[in-house]
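This is what each chain is made of:
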Amino acid sequence: MREISYAEAIREALTEEMRRDDSIVFLGEDIGVYGGAFGVSKGMYAEFGGERVRNTPISETAIVGCGVGAAMVGLRPVVEIMFSDFLAVAMDQVVNQAAKARYQFGGQFKVPLVIRTPSGSGTGAAEQHSQSLEAWFVHTPGIKVIAPSTPADAKGLLKTAIRDDNPVLFLEQKLLYRVKGEVPDGDYTIPFGKAACRREGRDITLITYGRMVARCLEAADSIKAEGIEAEVLDLRSLAPMDKDAIVSSAKKCGRVLIVHEACLTGGVGAEIAAIVADSEAFFHLDAPIRRCCGSDSPVPYNRTLEESIVPGIPLIADAIRSLCR
Amino acid sequence: MLKEYDLVVVGGGPAGYMAALRGALHGASVALVESGELGGTCLNRGCIPTKAWLQTAEALLETRDWASRGIVLDTPPRLDMKAALASKDRAVRRLTGGVKTLLDSRKVDILRGRAVLTGPRRIDVEGVGLVTTGAAILAGGSVSTRLPIPGIDSKRVLQSEDILALGKVPESLLVIGGGVIGVEIAQIFSAFGSAVTIIELEKRLLPAMDEGLSTIAAETLARRGVTIRTGVSIAGIEETKEGLALLLADGGRIEAELALLSVGRRPDLSCLGDSGVKVEKGRVVTDEFMETNLKGVFAPGDINGRKMLAHAAFAMGEAAADSALGKPRRAELEYVPSVVYGKPELASVGRSEAEARATFDRVELGVFPFAANGRAVASGDTEGFVKIIIEPRHGEILGVHIAGAGASELINEAAALMRLEATAHEWADTMHAHPSRSEALMEAAAAALGRCLHLPGK
Amino acid sequence: MASSVIMPKAGMAMEEGVIVAWLKKAGDAVVRGEPIAEIETDKAVMELEAEADGVLLTITRGVGEKVPVTEVIAWIGQSGEIPPATATAKATAKAAATPAATKLASSPIPATPAARRIAGEAGIELASLLPPPGGVLHADDVRRHIRKDATPLASRIAEAAAMDPGAVPRFEGRRAHKADVEAALRSRTPSSGDPQATGDRRIPLTAIQRITGERLARSHAEIPSVTLFALADATRFLAVRKELNAEGSIRISVNDLVIRACAKALLANPRANAVIDGDGLILKGGIHIGVAVATDTGLLVPTLRDAARLSLPELSLRVKDLAGRARARRLRPEELEGGTFTISNIGMYGGATSFTPIINQPQVGILGIGALEERLFLEAGVPVVRTMLHLSFSFDHRALDGAESSSFIKAVKDLIERPLLILA
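Protein chains in written order, with the numbering used here: chain A, 244 to 568; chain B, 241 to 698; chain C, 7 to 430.
In isolation and in its complexed conformation, chain A is listed as follows (with noise of 0.2 Å):
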């Protein structure tokens, strides 16, 4: 066990299976000398040289199409998508190519790309920079869906996603790049549709991902005092997801919150209350299923209103609350 930080566990998984595998390549911007506009590929160009570790030109839709199309033909490629908001540009190659080929062909070619994206808001980068669109992707079937909230589960789950033969979207929060925390050491995978149960609980499930799982669990400690014990479920694999964690989870607890930054409408949090809706689940609700998420709105460029729009702790708190009255 070691303590890293995200972005070095994320370097490590690159690193380790590109030593492993020969047909894995590394595409996108600034990753080369630069090391990547948030530092994940720091030292790569290095060990392992251009044509394995290429800068690309500011093009998305290249940068995919060209990961669609290697992948097609027998390479393992990983790209980088600098800002998750620029996947909007590429969204063709993603939605249409990417996750349709494989069907497309009968299963003649299969789509072992991997697309990694630094998403959501907390560095001032404001609204073309700052979004969270897993929700987008979660709706498109034929394409995986990741959003890992520790370091451990970074490095685990990133090298599923490269030894997947499908097409996987790795959502990666900003704001966590320079969390640190306890990674195991030598090989290992995390299997994509298993939630991790953070804080086991009685009174309210707590279902998240990404960013939002630490607010919730400092959520839960600080409701505790009022006799109320939250379960936190980081579901860290939104497509597939863990439905019998999810359904478990509620069953379990009664009362259910659906915490993401993401914004409410149309959100991955009402999918997730639709599961729970018609699952056995349901019978056992002592409340309305609740998600408190981002608000409809842009990511403002004022830092203080960039915080004001994602759920705080307190707001977090007070949902728990109203449900659990």
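Among the hints, a few may not be true.
Stated by the list, open to error - Below, computed lysine-lysine pairings styled on BS3-like, alpha-carbon distance capped at 27 Å:
no.: 1; chain 1: A; residue 1: Lys495; chain 2: C; residue 2: Lys154
no.: 2; chain 1: B; residue 1: Lys567; chain 2: C; residue 2: Lys184
no.: 3; chain 1: B; residue 1: Lys243; chain 2: B; residue 2: Lys567
no.: 4; chain 1: A; residue 1: Lys353; chain 2: A; residue 2: Lys437
no.: 5; chain 1: C; residue 1: Lys248; chain 2: C; residue 2: Lys290
no.: 6; chain 1: A; residue 1: Lys494; chain 2: C; residue 2: Lys154
no.: 7; chain 1: B; residue 1: Lys291; chain 2: B; residue 2: Lys518
no.: 8; chain 1: B; residue 1: Lys547; chain 2: C; residue 2: Lys326
no.: 9; chain 1: B; residue 1: Lys535; chain 2: B; residue 2: Lys518
no.: 10; chain 1: B; residue 1: Lys291; chain 2: B; residue 2: Lys243
no.: 11; chain 1: B; residue 1: Lys243; chain 2: B; residue 2: Lys340
no.: 12; chain 1: B; residue 1: Lys535; chain 2: B; residue 2: Lys328
To be verified - Among chain B residues calculated to face chain C with C-beta under 8 Å, some are:
no.: 13; residue: Glu636
no.: 14; residue: Leu660
no.: 15; residue: Ala662
no.: 16; residue: Glu666
no.: 17; residue: Asp669
no.: 18; residue: Thr670
The hints are simulated quantities; they were obtained by calculation from the structure and are not laboratory data. For clarity, every value in this text was computed on a predicted model and none was experimentally measured. We put the beta carbon where it would ideally sit given N, CA and C, even for glycine.
On the provided structure of chain A, position chains B and C as indicated by the hints.
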């Protein structure tokens, strides 16, 4: 004169008159036969007269504390035994009259004379037959037990009924038997001025009660000059010039002017005649519905020896009436309080500490002394304590024992809560008026749970 | 969305109809056009057809009921669907009642799904609960209501045992007491009536009982067991025993003598002192007889080793020791193993005369000692009383045939009838 009744009740004591009233309440035609006074032993020879005299005794004792409270008597009060007797008799007459009023109000026929069951549906009153088409309730009550020792027939050996009719305070009194009656009578006459000695066969006074109560009773009596001899058995009684002498089995001898025989009571089976009602060890055998082996014949109260207390007799009488009229009802005898009147009053309901420990693996106690109770301290009467025994898993109340003024009232709160299966948790959280002696119950319950704030922390 | 089945107006003058029969029951699948009931109108009996596909959810009016036309008599919907509150049906039935009452009854009671489930399990009508301030019934409101039906002590006991609220016994006119909850916990079935009535009491089996039970079941299932019965004249046997006991310091029991006889019989019939081994039979070198001892936690069978080599006094002492230690649970593990044959005595209990003992695997035989019985015989025309000992020998028919097994039990019988040979 043959008359038909739905229900005939033999005996007008607590079991009998309650059965009669209950039967009449249900609309049955009821006759009650009584050879003596209505109200039975309780009203005429037992509970009521002793309580009346105990009140006088307690008042006398209290006057001894008055000086410390700032009330000065120039001449100390003295007892006028004749007046005391008259006041006791007034109380008794009032209550027996009250019973008659109740019975009359419900149109119960009261017949005077000795009754005997002569057949399953037939009762003879002084040779004249009555027929019941319904049921018979034999509430024959009980009499004092006589010790089969030589000299027991001496006129100087009194039963409780005789001693309560005394017109003069004896110089000295031997109380044979340290049970409830013995202790109460000892207190009365000690306060009235006799030199009292209690002789008890068992190792302690009040052997049937929780040991804590025996201890405080012995201490208080000793302080008032009563001599207590426990573990003593009597070989014989001799009359002397001044009175009598008790010959003890160990060779000892105690002399006094009079003796009271209070070793217990036994059922009075005289109303059974040859009817064939099953009797075992001198008690009529009944089921929990008070029915005997003869269908339609019921025997509530002291006559079945289950719980020889007036309040148990009330409950058994009612149950017998219901059962006799076709609505079988169990007599609930699980939570019968027992009281020793006097100063301090002693009261119990449920299991003693010894019994609780013998039955349950884990037992917790909560003891709250009246010395820590606001009302007790303010009124200057801090003698005694409340002891609550619980089973800690659920806080089940196993037994409650109270020593102190008002114990006979306080015990009823305990009996009610135990019957309703409230636990120590509910008890400790029930608000009690402050200041009141009852608060000691709430505090003792909290103490049993380890959370009494009116006692110093450990 | 559930659809209603109504009493049809089958004629202009028809005011009400009678339900003669239900052809389907609640839970049955129905197809549109399928007859689901028979209705008697003022003119004739007609079939009522389902107007929709689905499942017959509930039947709200029964056979023999007179129902005004257009009133709901059943609901059809999707499996698991809850039809609109039966209160609605009741409300329309009480059409004569105040309109305000009808309105109240037909509006659903706001309650969370958990509250509804708990109320349903406990058989409580939500309508019987007072709505709390705030208006929505929660699970705890229902639980509190259920708890009111139990004394505080009984509630605590139920809660401590994690008892389902629906399983707390409920009674007409009184609260559940400690005794009721404890009875329900012991019987472990949700009680809907007076638990005193069943009188059942569950006693857990001890470990020994469980393991013995499993072994007995296996033996019974696997072994083709046959039992032979014999009567041995034990008159002299008992006399010899009496003499032995008059003299000796050790009290020799009937059992001791039979064990010794059995050991000798096994020496002469080695096939009975064997163990099945696949497709072979291992004739055991030593004779180690298991003696069945009943203890208060179950049956134990300590082994008497080298039974044939022990003198009678030694045997008697050893058997007493083993039996005593078996009852005191002080046997060593090895003392419960290694037996080659077993003896079990039922005669000593009185009652039964003989029995069919179950073979103690992997052995092939077990000798059962039954009762001593006096019988009348004619000897040379003279009636005499002989005391007979019942014997039974259960054996594994794969290992012994009729002749071999008879030979063994005959050997035992002979020894009993010539008891001095037991002492030899």
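To see whether the hints hold, each was checked on the structure:
The suggested pairing of Lys495/A with Lys154/C holds, with an alpha-carbon distance near 25 Å, which does not exceed 27 Å. Proximity of Lys567/B to Lys184/C is assessed by CA-CA distance (about 25 Å); at most 27 Å being required, the pair is judged to hold. Our distance criterion of 27 Å between C-alpha atoms is met by Lys243/B and Lys567/B, whose separation comes to about 24 Å. For the hint pairing Lys353/A with Lys437/A, the CA-to-CA distance comes to about 24 Å; that is within 27 Å, so the pair holds.
Taking the CA atoms of Lys248/C and Lys290/C, the gap is near 34 Å; set against the 27 Å cutoff, the hint is violated. A C-alpha spacing of about 26 Å is found between Lys494/A and Lys154/C, which places the hinted pair at or below 27 Å, so the restraint holds. At roughly 35 Å between alpha-carbon atoms, Lys291/B and Lys518/B are farther apart than 27 Å, so this suggested pair is violated. At roughly 50 Å between alpha-carbon atoms, Lys547/B and Lys326/C are farther apart than 27 Å, so this suggested pair is violated.
A distance of roughly 12 Å separates the Cα atoms of Lys535/B and Lys518/B; the hinted pair therefore holds under the 27 Å criterion. Simply put, Lys291/B and Lys243/B have alpha-carbon atoms about 39 Å apart, too far for the 27 Å limit, and the pair is violated. Simply put, Lys243/B and Lys340/B have alpha-carbon atoms about 21 Å apart, close enough for the 27 Å limit, and the pair holds. Of the pairs offered as hints, the one joining Lys535/B and Lys328/B is violated, with about 41 Å between alpha carbons and a cut-off of 27 Å exceeded.
Interface hint at Glu636/B: satisfied, since its Cβ lies 5 Å from the closest Cβ of chain C, which is below the 8 Å cut-off. This hint holds: Leu660/B has a C-beta 6 Å from the nearest C-beta of chain C, less than the 8 Å allowed. About 5 Å separates the beta-carbon of Ala662/B from the nearest beta-carbon of chain C, less than 8 Å, and the hint is met. Annotation: interface hint on Glu666/B holds; nearest CB of chain C at approximately 5 Å, less than 8 Å.
Against a cut-off of 8 Å between C-beta atoms, the interface hint on Asp669/B is violated, since the closest Cβ of chain C lies about 11 Å away. For Thr670/B, the shortest C-beta to C-beta distance to chain C is roughly 11 Å, which exceeds 8 Å, and the interface hint is violated.
Hint check: violations occur at hints 5, 7, 8, 10, 12, 17 and 18; the rest are consistent with the structure.
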